[in-house]
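S.K.: Listed here are the chains, written in short residue letters.
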Amino acid sequence: MNKVIISVLGQDRPGILAAVTKILLERDGNVENVSQTILQNQFVGIFIVSVPDHIKTDALKDELNLSVKHLDLDIHVKQLVYDETYYPPVKSEPFIITTKGLDRKGLVAGITATVAYYGVNVTNLQAIFKGGDNPGDNIMIYEVDIPVDIDQQELEDALRTQAQSLGLTISIWHRNIFKAINRI
Amino acid sequence: MLSDKEILATLEMVQNENLDVRAVTMGVSLFDCVSDQIDLFTENIYRKITELANDLVPVCNRIGTKYGIPIVNKRIAVSPIGVVGAPFNPEQMVAIAQTMNRAARDVEVDFIGGFSALVEKGSAKGDLALIDAIPDALTETERVCASVNVASTRAGINMDAVLKMGQTIKKAAELTADSDGLACAKLCVFANIPQNSPFMAGAYHGIGVADAVINVGVSGPGVVKKALDRSLASNSDLDLGHLSEIIKKTSYKVTRVGELIGREVAETLNIRFGVVDLSLAPTPNVGDSVGEIFQSLGLLSIGVPGTTAALAMLNDAVKKGGAFASSNVGGLSGAFVPVSEDLNIGQAAEDGYLTLEKLEAITCVCSVGLDMVAIPGDTSAECLAGIMADEMAIGVINKKTTATRLIPVPGKKAGEKAFFGGLLGGSVIMPVNNGKGANLFVRRGGLIPAPIQSLMN
Numbered sequence: 000m001n002k003v004i005i006s007v008l009g010q011d012r013p014g015i016l017a018a019v020t021k022i023l024l025e026r027d028g029n030v031e032n033v034s035q036t037i038l039q040n041q042f043v044g045i046f047i048v049s050v051p052d053h054i055k056t057d058a059l060k061d062e063l064n065l066s067v068k069h070l071d072l073d074i075h076v077k078q079l080v081y082d083e084t085y086y087p088p089v090k091s092e093p094f095i096i097t098t099k100g101l102d103r104k105g106l107v108a109g110i111t112a113t114v115a116y117y118g119v120n121v122t123n124l125q126a127i128f129k130g131g132d133n134p135g136d137n138i139m140i141y142e143v144d145i146p147v148d149i150d151q152q153e154l155e156d157a158l159r160t161q162a163q164s165l166g167l168t169i170s171i172w173h174r175n176i177f178k179a180i181n182r183i
Numbered sequence: 000m001l002s003d004k005e006i007l008a009t010l011e012m013v014q015n016e017n018l019d020v021r022a023v024t025m026g027v028s029l030f031d032c033v034s035d036q037i038d039l040f041t042e043n044i045y046r047k048i049t050e051l052a053n054d055l056v057p058v059c060n061r062i063g064t065k066y067g068i069p070i071v072n073k074r075i076a077v078s079p080i081g082v083v084g085a086p087f088n089p090e091q092m093v094a095i096a097q098t099m100n101r102a103a104r105d106v107e108v109d110f111i112g113g114f115s116a117l118v119e120k121g122s123a124k125g126d127l128a129l130i131d132a133i134p135d136a137l138t139e140t141e142r143v144c145a146s147v148n149v150a151s152t153r154a155g156i157n158m159d160a161v162l163k164m165g166q167t168i169k170k171a172a173e174l175t176a177d178s179d180g181l182a183c184a185k186l187c188v189f190a191n192i193p194q195n196s197p198f199m200a201g202a203y204h205g206i207g208v209a210d211a212v213i214n215v216g217v218s219g220p221g222v223v224k225k226a227l228d229r230s231l232a233s234n235s236d237l238d239l240g241h242l243s244e245i246i247k248k249t250s251y252k253v254t255r256v257g258e259l260i261g262r263e264v265a266e267t268l269n270i271r272f273g274v275v276d277l278s279l280a281p282t283p284n285v286g287d288s289v290g291e292i293f294q295s296l297g298l299l300s301i302g303v304p305g306t307t308a309a310l311a312m313l314n315d316a317v318k319k320g321g322a323f324a325s326s327n328v329g330g331l332s333g334a335f336v337p338v339s340e341d342l343n344i345g346q347a348a349e350d351g352y353l354t355l356e357k358l359e360a361i362t363c364v365c366s367v368g369l370d371m372v373a374i375p376g377d378t379s380a381e382c383l384a385g386i387m388a389d390e391m392a393i394g395v396i397n398k399k400t401t402a403t404r405l406i407p408v409p410g411k412k413a414g415e416k417a418f419f420g421g422l423l424g425g426s427v428i429m430p431v432n433n434g435k436g437a438n439l440f441v442r443r444g445g446l447i448p449a450p451i452q453s454l455m456n
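Just so you know, the sequences run in chain order A and B.
Under numbering that gives the first Met the number 0, think of the first position of the first sequence as 0, with each following residue one higher.
Under numbering that gives the first Met the number 0, think of the first position of the second sequence as 0, with each following residue one higher.
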């Protein structure tokens, strides 16, 4: 069996999952993992699917796009490879960075540029923008893995400087405090 | 993956509701420092305290930053000096206090407790020397805290010690008359003193405890108040059963913070983790007050009729939530009502809602007692002893810890203000009603026997 990764993007409506998985079932594919979310009115789903060896990714992509044409979806299919040279596993600690401040261009770009420079991986990003003039109403939450062998103080200082230049207040706290308070 | 609600609620608790770890207190046994040579003894205790606690403050600061939770106070508690310093006279006891003070200063902790004696059944030579030394010791040092346990449910009340403590408090107040009797703010008189409380001034390192431990005192009255306010804003008809449930859940969260941080400090310092003390401890800051919780519950002010019931509910809910959150609960565990350290409680005293008598009544159901209560400077030692005997009786009969931290402010009368500074705050001086005249009862001395443990009515 081959593994492929499929992304589905488009206006949310009933029937997207049904249409996509129907084709996969007909091609003898097995859905192993799915993650989907809806952002404003846009659906996005990522599927990891095992398919028989004779299925070609390009052909599957064309077939899927054709079959869901009436739903106006954008579907991509890619061979799944596990290659650790892309991002070798490093020992890291999970932290949560939050920023608060008025919405403007470049907030995510600024913060992520700094974390990327230090080899910090963002595992989840949520932006809660309510708009308006209250800085507390615009919050971004970055869940990150900070490698243990980098200079944490230097990273924190760099993030604080970056945040200040973007008019943000920032907190950089270990994930366990959020877990301890909220989970049994 | 954490939900955004979980993350935002945590941010809110820390940034806007004063969630913090109030104290990380390192308990240090001094039994292996014992000597009958004062120089050798003080050298031994200085070395042991500073070696063990050398990294306490930097480690606490680092871990506090890592989790975003400030550890407000870093402290040390040692074995009761009345026991480990038994061979010494009062002057030498003062020298020991000065050594403790120097050790505390050198490792940069703000208070060191354990200048203590346990005399519930009688006073040994060392205990008497220590008590005699308390006024000078607390006057000549800034960081040393003293406590004397004069009663317990198993031993009864040592009334000789109670009267002696009345005289000691008077003397300590007089020696620090220029700072409103500040020495008395560092002196607690206890019934059923816990061996492992991280909170000053009553912290000491118990006798049946490991060589060194890390105890944690959590706080969070502001968090409890805001949780109640939020729930009541969305449903103003919530009954007390629901409100108690909210307090319980909030207490769980607050305690988990203490547990997480305490364990990591202990692990980093390679010292055994002791207990989490689940106390709602206020500071003299707006939004960090136990008194404000009473108003959220619907009382006009702490002190009005209904206060004792409200505090009983609050205290019980705090214990239930906290006991589930940590396997190692100890210390005082409950709500503190220190008059001068809580802006709202201080105001209630000033406005006349809270009297000494009502304060005594509510200590039947809360964790400590008459805490940081400024009273007129002309209150006699006998009268002080009478107030303390009453408070001790509440603890002894109800099998709970009670304590007094009374400050007879020299030269000042009821209604005037006393200022102690910092976390100790300041407050109006509360009147002591019917306190004049001789008190033969407290002068009779002896031991009030331990109470019967059946026929509980």
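It is worth saying that the hints were derived from the structure and are not from the lab.
Just so you know, these numbers come straight off a predicted model, no measurement behind them.
Built from N, CA and C at the ideal position, the CB exists for glycine as well.
Hints are not guaranteed to be accurate.
Stated by the list, open to error - Taking lysine-lysine and the DSS-like style, the derived pairs with C-alpha atoms no more than 30 Å apart in a straight line are:
| hint | chain 1 | residue 1 | chain 2 | residue 2 |
| --- | --- | --- | --- | --- |
| 1 | A | Lys90 | A | Lys2 |
| 2 | B | Lys318 | A | Lys178 |
| 3 | B | Lys398 | A | Lys178 |
| 4 | A | Lys99 | B | Lys65 |
| 5 | A | Lys90 | B | Lys318 |
As the list claims (entries may be wrong) - Chain A side only, calculated, beta carbon under 10 Å to chain B, not exhaustive:
| hint | residue |
| --- | --- |
| 6 | Tyr85 |
| 7 | Lys90 |
| 8 | Asn181 |
S.K.: Hint numbers the structure violates, sorted upward?
M.R.: Per hint list: 3, 5, 6 and 7 violated.
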